[in-house]
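Fit chain B to the known structure of chain A by using the hints.
Here is what each chain is made of, one letter per residue.
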Amino acid sequence: MTRFVLRRLLYLVIVLVIITFVTYVIFFAGNPTNLAGRFAGRDASPQAIKDAAVRLGLNHGFFYQYWHYLLGLLHGSFGLDYQNQVPINSEIARAFPVTASLVLGASVLWLLIGIPIGIMSATHPRSLRDRMGTTFALTFLSMPTFVLGLLLLLVLYYYLTQAGITWFPPAGYVSFTQSPAQWAVHLILPWFTLALVQAAVYTRLVRGSLLDVLGEDYIRTARAKGLSRRTVIYKHGVRAALTPVVTQLGIDVGTLLAGAFVTEQVFGLTGLGQLALNAIRNSDLPVVAAVVVLAASFIVVMNTIVDLVYAVLDPRVRLA
Amino acid sequence: MSLIGADVRIEVAEEHNPDRKGGADREFVGRTPWQLAWARLRRDRVAMVSLGFIVFLMLVAIFAPLLTALIGHGPNTQYSTTGLSPSGIPVAPGHNGFLLGTDDQGRDVLSRIIYGARISLEVGVGATALALGVGLVVGLLAGYYGGWIDALLARFMDILLSFPILLFALAIIARFGPSLDLVLIVIAMFSWPYIGRLVRGQVISLREREFVEAARALGSSDLRIMFVEIAPNLIALAVIYATLLIPVNIVTEATLSFLGLGVLPPTASWGNMIAEAQTGDLFTVAWWFLVFPCVALVLTTLAFNLLGDGLRDALDPRHGRSNIIPPTKQQRVLAKLRKRTAREAAREAERANA
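Protein chains in written order, with my numbering: chain A, 19 to 338; chain B, 351 to 704.
FYI, nobody ran anything at the bench for these hints, they're computed from the structure. Please read all numbers here as calculations on a predicted model, not as lab measurements. Backbone N, C-alpha and C define an ideal beta-carbon position, used for all residues, glycine too. Some clues are possibly wrong.
[As the list claims (entries may be wrong)] From the structure, some residues in chain B lie toward chain A, with a derived Cβ separation under 8 Å:
| # | residue |
| --- | --- |
| 1 | Leu449 |
| 2 | Ile509 |
| 3 | Ser512 |
| 4 | Ile624 |
| 5 | Thr634 |
| 6 | Cys644 |
| 7 | Leu647 |
Here chain A stands alone, though its shape is the one from the complex:
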């Protein structure tokens, strides 16, 4: 167990080094004086550009800068951003709760929607209910997040408000500590936007995996020894069928925690996605690198948790 976690940590370090290195290479593939020029202000003199380069550390070589960045990371600091020379740690501390509220709320919702529909489809294959479940899945699977989000905004926010029904607030974010009720109300549309698109994936996943499981011999044995249909499906079937769902959930939550770009953009939520997007548009390298580090860490950490959950779900899996 300890060995397993230690090995995962080592893997995380390797992935982080590779991914941050690639990020640096991408950014320095252009030319750095150009980069300094961007932050020296409009119509800057050559001297001002040079000053900016020194201020941002761009006067050093590529490897020196990269090494410096890694040392900072080791001390738990992401450094200062190029744009305003503000500590990136505090920017992330501000943005992360927004993204976390969005993603964690939505993930509960998509599991609550996706898994029951998947089970219903798999236990009644080829029936009308299965068809409806499959249609639901395919429709939302084919619906890009921004399309769904904007259509929800148009119909549920704009047209309802126009008709005098103000159930849904406009885009924006209210923090949980400020007002829990307002927090939830402001997040309802983003939650559903993200959750419906994701639920489609889970519906298909659960349907496919449960259909496979229900075809196994041990299910026939369970039926033959006289267990009720409900017990067979839920205790023997669904439990085994959920392992791919756990994997997928780990990947999805890990990826989205580092920024649900599209949903944040549509609903004007100032989370990590918006932070990264703005940084990318402004060539603000340290901020982009910080989000990249976060993303990779979330993905690896979630994968580790998934493996641990596996060992709990299935005693045959041993952690070595």
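This is chain B only, laid out in the frame that chain A set:
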């Protein structure tokens, strides 16, 4: 010479053997796996409608200049007098000859959607083709050689798949400046490992099969075994996953364009049309210039997804709904004729009785 290839044809017409059990109803016609798959697909109404829509969309994309000439509105022309009301509000669908209305700059939404189809298909199909090519080659090399080559390539694919893809795509495009070619290449770069992993898994099991051993015994080179013997067996898999990857790539292009780092305006792409409709909440004034590009995008991805599902059922019947061998055209005609003769015979008998 592929031993389990598609060119093995067995024609056993049992028509002339009336002693056989089941009589004339049991004529056998040998068909290739591809003919069988096509016959299965043709019975899948949903897949055929989707295929029809995709063909229609491709024709629209190819003949875009002709179509917009017929409509009489270019995709980027701003019709400031006919396309905008005096107060500068977009024209609603069906007015002033704008079938789907105009956008905030007085441009014809229909013409822009038609040109947007070009971008979507070009990136969707182009990036998928590129990903398929790279994925096939890498998957074949990794799966066939095994050993350190496999370890290296497989690990490389794993690491590429654990990248935060959208973040990197955005960063790369921002660094080198958005362009259609770059968008296509970046999308392909992050989607080939999916194909590569699938192909690798298949090749690992195929390389142990007898026909590979036979080819090796005959002295075939590794390259020949990989690309002439093994590769044809991967076509079904490639067709299915390519069809399912196209809509994913179309959505990625639209997403990048929506976020402003894909295809840049004024070139029309469905993603940047939707982004323009969102700026300043313009869509609340003129819903049509948000809704119509959305509809085009959703219908296109839906059609590819449905066709992909149909193809999977048709090409890989073990997992599908239609684990049956559909009758050939000849069999259908014969069955109909036979039914008719039987009916006439029955009527004849009835008349004789009366």
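Checked hints:
1. Leu449: 21 Å, violated
2. Ile509: 7 Å, holds
3. Ser512: Cβ of Ser512/B sits 6 Å from chain A, so the hint holds.
4. Ile624: With a closest approach of 6 Å, the Ile624/B hint holds.
5. Thr634: OK, holds: Thr634/B within 8 Å of chain A, min 5 Å.
6. Cys644: 5 Å, holds
7. Leu647: OK, holds: Leu647/B within 8 Å of chain A, min 6 Å.
When the structure is compared with the earlier hints, a violation turns up for hint 1 alone.
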